[in-house]
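Peer 1: As a plain string of letters, each chain reads:
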Amino acid sequence: MGSYLLKRILIAIPTLIAISMVIYLVLALAPGDPLGELANSPSITPEIRENIRRVLGLDQPIHIRYVKWATAFITGNMGYSFVNPVQVSQLILQRLPTTLWVVGSAYLVSVLIAFPLGILSALKRHSWLDNLITTFAFAGFSIPPFFTGLIFIIFFSVWLGWLPSIYDSTLVITDLGGFVTQAKQSILPIAVLALFQTAVLMRYIRAAVIEQLNMDYVRTAYAKGLSGWQVMTRHILRNALVPVVTLIALDVPAVFTGALVTEQVFRVPGIGSLLIDSIVRSDTPVVMAITFIYAILIVLFNLLADILYGVLDPRIRYS
Amino acid sequence: MGLVTATFVTACNSQPTADSSDSSAPTTVSSANAKELKLLYWQAPTTLNPHLSPGTKDREAASLILEPLAAYNEAEELEPILAAEIPTLENGGISADNTTVTWKLKEGVKWSDGEPFTAEDVVFTYQFITNGEVGATSGEFYGEVQSVEAVDDLTVKITFNRATPTPMNPFVGGSGMILPEHLFKDFLGAQARSAPGNTAPVGTNAFQVKEFKPGDTIIYEPNPNFRGEPPAFSTVELKGGGDAVSAARAVLQTGEADYAWNIQAEPAVIKGLEANARGEMAYVPKPMMERIYINFSDPNKEVNGETSQKDTPHPFLSEKLVREAISLAIDRETIAEQLYGEAGSVATNFLVSPEKYASPNTRYEFDLTKAAQRLDEAGWKDTNGNGVRDKNGVEMEILFTSSVNPVRQKSQEIIKQNLESIGMSVELKSVEAGVYFGDSTNPDSVNRFNSDLQLFAFDSETPEPDSYMELYACDQISQKENQWSKENSSRYCNPEYDALLEQLNTETDLAKRTALFVAMNDLLIEDVALIPLVRRSDAYALASSLTNLEFTPWAASTWKLNEWGKT
Numbered sequence: 023m024g025s026y027l028l029k030r031i032l033i034a035i036p037t038l039i040a041i042s043m044v045i046y047l048v049l050a051l052a053p054g055d056p057l058g059e060l061a062n063s064p065s066i067t068p069e070i071r072e073n074i075r076r077v078l079g080l081d082q083p084i085h086i087r088y089v090k091w092a093t094a095f096i097t098g099n100m101g102y103s104f105v106n107p108v109q110v111s112q113l114i115l116q117r118l119p120t121t122l123w124v125v126g127s128a129y130l131v132s133v134l135i136a137f138p139l140g141i142l143s144a145l146k147r148h149s150w151l152d153n154l155i156t157t158f159a160f161a162g163f164s165i166p167p168f169f170t171g172l173i174f175i176i177f178f179s180v181w182l183g184w185l186p187s188i189y190d191s192t193l194v195i196t197d198l199g200g201f202v203t204q205a206k207q208s209i210l211p212i213a214v215l216a217l218f219q220t221a222v223l224m225r226y227i228r229a230a231v232i233e234q235l236n237m238d239y240v241r242t243a244y245a246k247g248l249s250g251w252q253v254m255t256r257h258i259l260r261n262a263l264v265p266v267v268t269l270i271a272l273d274v275p276a277v278f279t280g281a282l283v284t285e286q287v288f289r290v291p292g293i294g295s296l297l298i299d300s301i302v303r304s305d306t307p308v309v310m311a312i313t314f315i316y317a318i319l320i321v322l323f324n325l326l327a328d329i330l331y332g333v334l335d336p337r338i339r340y341s
Numbered sequence: 012m013g014l015v016t017a018t019f020v021t022a023c024n025s026q027p028t029a030d031s032s033d034s035s036a037p038t039t040v041s042s043a044n045a046k047e048l049k050l051l052y053w054q055a056p057t058t059l060n061p062h063l064s065p066g067t068k069d070r071e072a073a074s075l076i077l078e079p080l081a082a083y084n085e086a087e088e089l090e091p092i093l094a095a096e097i098p099t100l101e102n103g104g105i106s107a108d109n110t111t112v113t114w115k116l117k118e119g120v121k122w123s124d125g126e127p128f129t130a131e132d133v134v135f136t137y138q139f140i141t142n143g144e145v146g147a148t149s150g151e152f153y154g155e156v157q158s159v160e161a162v163d164d165l166t167v168k169i170t171f172n173r174a175t176p177t178p179m180n181p182f183v184g185g186s187g188m189i190l191p192e193h194l195f196k197d198f199l200g201a202q203a204r205s206a207p208g209n210t211a212p213v214g215t216n217a218f219q220v221k222e223f224k225p226g227d228t229i230i231y232e233p234n235p236n237f238r239g240e241p242p243a244f245s246t247v248e249l250k251g252g253g254d255a256v257s258a259a260r261a262v263l264q265t266g267e268a269d270y271a272w273n274i275q276a277e278p279a280v281i282k283g284l285e286a287n288a289r290g291e292m293a294y295v296p297k298p299m300m301e302r303i304y305i306n307f308s309d310p311n312k313e314v315n316g317e318t319s320q321k322d323t324p325h326p327f328l329s330e331k332l333v334r335e336a337i338s339l340a341i342d343r344e345t346i347a348e349q350l351y352g353e354a355g356s357v358a359t360n361f362l363v364s365p366e367k368y369a370s371p372n373t374r375y376e377f378d379l380t381k382a383a384q385r386l387d388e389a390g391w392k393d394t395n396g397n398g399v400r401d402k403n404g405v406e407m408e409i410l411f412t413s414s415v416n417p418v419r420q421k422s423q424e425i426i427k428q429n430l431e432s433i434g435m436s437v438e439l440k441s442v443e444a445g446v447y448f449g450d451s452t453n454p455d456s457v458n459r460f461n462s463d464l465q466l467f468a469f470d471s472e473t474p475e476p477d478s479y480m481e482l483y484a485c486d487q488i489s490q491k492e493n494q495w496s497k498e499n500s501s502r503y504c505n506p507e508y509d510a511l512l513e514q515l516n517t518e519t520d521l522a523k524r525t526a527l528f529v530a531m532n533d534l535l536i537e538d539v540a541l542i543p544l545v546r547r548s549d550a551y552a553l554a555s556s557l558t559n560l561e562f563t564p565w566a567a568s569t570w571k572l573n574e575w576g577k578t
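The listed protein sequences derive, respectively, from chains F and C. Numbering-wise (the numbering used here), the first sequence opens with residue 23 and increments by one. Numbering-wise (the numbering used here), the second sequence opens with residue 12 and increments by one.
Think of the hints as simulated: they come from the structure by calculation, not from any bench. Hints are not guaranteed to be accurate.
[Stated by the list, open to error] A few chain F residues that face chain C, going by a derived Cβ cut-off under 10 Å, partial list only: (1) 51; (2) 196; (3) 202; (4) 203; (5) 209; (6) 260; (7) 273.
[Unchecked claim] On the chain C side, residues computed to face chain F include the following (Cβ under 10 Å): (8) 209; (9) 254; (10) 395; (11) 396; (12) 461.
Think of the CB as a built atom: it goes at the ideal place given N, C-alpha and C, for glycine as much as any other residue.
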């Protein structure tokens, strides 16, 4: 196990270096200029523009810029944003709690809903209940979040006036009232995200469970007199869980990058909206930091999923 | 440094002034707490130092805190803000030879941290703006300034290089906001962008920053050292992000916010939202105008490694009859009414604002038959029967570009139909704004202008639009030799226009200046150097409960926020 871990980690390093190089190159070659907005201003003479380029370090060739960025990143320094007069790490830390709260709880909610519904529709497959759940899943899966977002806003904010459509990130929770406000403003974005993710997860769980149901060991388990509940929890779920765990483990890093569209619709100031803004404004240090942290998390959670297999399925042993 | 005064606006809009005060519907959800004001900006401010950002959004956010010496109100008159009075020739503030201006500052003004505001702060602001290492974005009005000195604590003397017709440009309006010297003096150079004052500035206006989350929210609280009446609000929250339509909805329909800035949306959408009677739109006509740029050089011929070279005349757009035909064929009224509604009106002038300089001599004409006649007259006929006019083997094929923006794409469609109906072939292209208005050496940038026609808006920031007039000066032609950094992308050059421009540069008499502005405008319009389309207004969504609002085209919409009230 130990040597397996070491091997995986050693493989991860060149992978991450390659990923960072590709992202850096793509960003450097992409059209659009961090000075775009500035270049527009007639008061910026070519000399001033050169000065700004030098201050931002853009006058150096790309490989030098990459090495500088990489060495700084290793020491935890992600540099200054081109657009906002603050450090990139500060920007990300400011946005992270909101994203983790909204996108994280949405994912939790969808896992909590998807498991029972997925198992239920697998057990009662092709019944009216399964059809109902499947219809719901396909609806949730195929309606884009910006559309459900708008529908929810019109219904719950405009017509009923129950829930706010704008997320207030400055809210400080000191009492119960603050918590209620926080819960109210989180309901809509969480619901929109959960609707989509539940649908995906549920179909996946349903397929995984159905695959196990016809197995000989299930029949044997029933034959030796185990109750339906015991067969499900001890035998079917344990086997069905392996592919589901992979899916969830690979989804967790996506919680970090936030929800690109939903954050925009509800004005949730999370990592997703930061990423979009930074791409639009060619704020390379911020885009680079977010995408690279995402890459690190993906590699990390891949490893985690592989280790979890061993825990869930004793037949899988790494050596 | 004769730089052209103007700002591209990639996605803003504008039109006629609103009765900005309150109207009906006294009780809304948000007015329950009358002490709080909520502002929505679909572009989030990123810095609070207006001199380090060219973006209007940042000036809007900064003007709650920082102030200029004076600003132009809606009537185009200067109102003193930090100045005790407006310098004039009569009170001796402006020297008789128009080379110096002496500003008297208000007494007893304090920064929000308690430090006194003095003439030294004004001098420092000048140093900050003009220091090349700082890379300030508001330097265009300070090029003619020779020196700024503090005569005493409350007197600032500005000396110009020569007699100037526009002595009131420095330290006025959005580009003239005064910075506190004690906060920025250690950051006068390349490190200016990392000054802590950029995110938590100390100012003289009625508010100070309580919390600033770049790209998201700013929370303001009253400045305890403000010289005037304390503002009506104990908290002002400025929330950024999202999109314009949902911002308007939050004000007009759900009442979650009191004010939404710069709403560009289709007239039908706005009407639907206004039907809720929670609030209404206010329109402030801006000096900004959507226009079609005409390429006078040939974008398809390469000379010395560059296309659109100024000495290669365009095969058909260099003919005046053809330009007249295009101008006659474009249905500006449909564009203004269908796409802009109350936020736009048909433009006929190059210089649309201020009123005093706008030419009364131009008019709008839409006549497809006349347009076709002009083309026939010029010898452009469809000789090969392919549906497109041609002459000497050249087909009238037009490449028409603009920035990615739904309203611009719809305008392009209308214009394409118009031009094709008189026998031209039009191909449309839209370029992402960051590239289009970005690095001028990019082949798709507005300054390279590698197409035949292009569409975008441009404006003059002050009511003394001298530098705006340089847009069509011969020495402003954008070429490879200047890395396409100049603004005359049409490569229009007319010695007659240049002669008038030269007179304007030294003319200080108002009546003569007016005559010159009108003459220059009429010359460009008569020669069809450009085709004005729509004059735009800024559109603001206002909750009905807001009172005592005042806007001006010449400063941020928040310039008098300290006087706003809420019922």
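Peer 1: Now tell me if each hint is right for this structure.
Peer 2: Do the hints match the structure? See the list:
With a cut of 10 Å, the hint placing residue 51 of chain F at the interface with chain C is violated, because the nearest CB-to-CB distance is about 13 Å. For the restraint placing residue 196 of chain F at the interface with chain C, the shortest Cβ-Cβ distance is roughly 16 Å, beyond the 10 Å limit, so the hint is violated. Below 10 Å, beta-carbon pairs count as interface contacts, and residue 202 of chain F has none with chain C, the closest being about 16 Å; its hint is therefore violated. At its closest, the beta carbon of residue 203 of chain F sits 13 Å from a beta carbon of chain C; the interface hint therefore is violated under the 10 Å criterion.
A distance limit of 10 Å between C-beta atoms decides the matter here; for residue 209 of chain F the minimum to chain C is near 15 Å, and the interface restraint is violated. Interface hint at residue 260 of chain F: violated, since its Cβ lies 44 Å from the closest Cβ of chain C, which is beyond the 10 Å cut-off. Interface hint at residue 273 of chain F: violated, since its Cβ lies 25 Å from the closest Cβ of chain C, which is beyond the 10 Å cut-off. A least Cβ separation of about 4 Å between residue 209 of chain C and chain F falls short of the 10 Å threshold, and the interface hint therefore holds.
Checking residue 254 of chain C against chain F by beta carbon gives a least distance of about 7 Å; that is within 10 Å, so the hint holds. Among the interface hints, the one on residue 395 of chain C is violated; its C-beta lies about 38 Å from the nearest C-beta in chain F, farther than the 10 Å criterion. With its C-beta approaching chain F no nearer than about 40 Å, residue 396 of chain C sits outside the 10 Å limit, and its interface hint is violated. Hint on residue 461 of chain C is violated. Least Cβ distance to chain F is approximately 14 Å, over the 10 Å limit.
Violated hints for the displayed structure, listed by number in ascending order: 1, 2, 3, 4, 5, 6, 7, 10, 11, 12.
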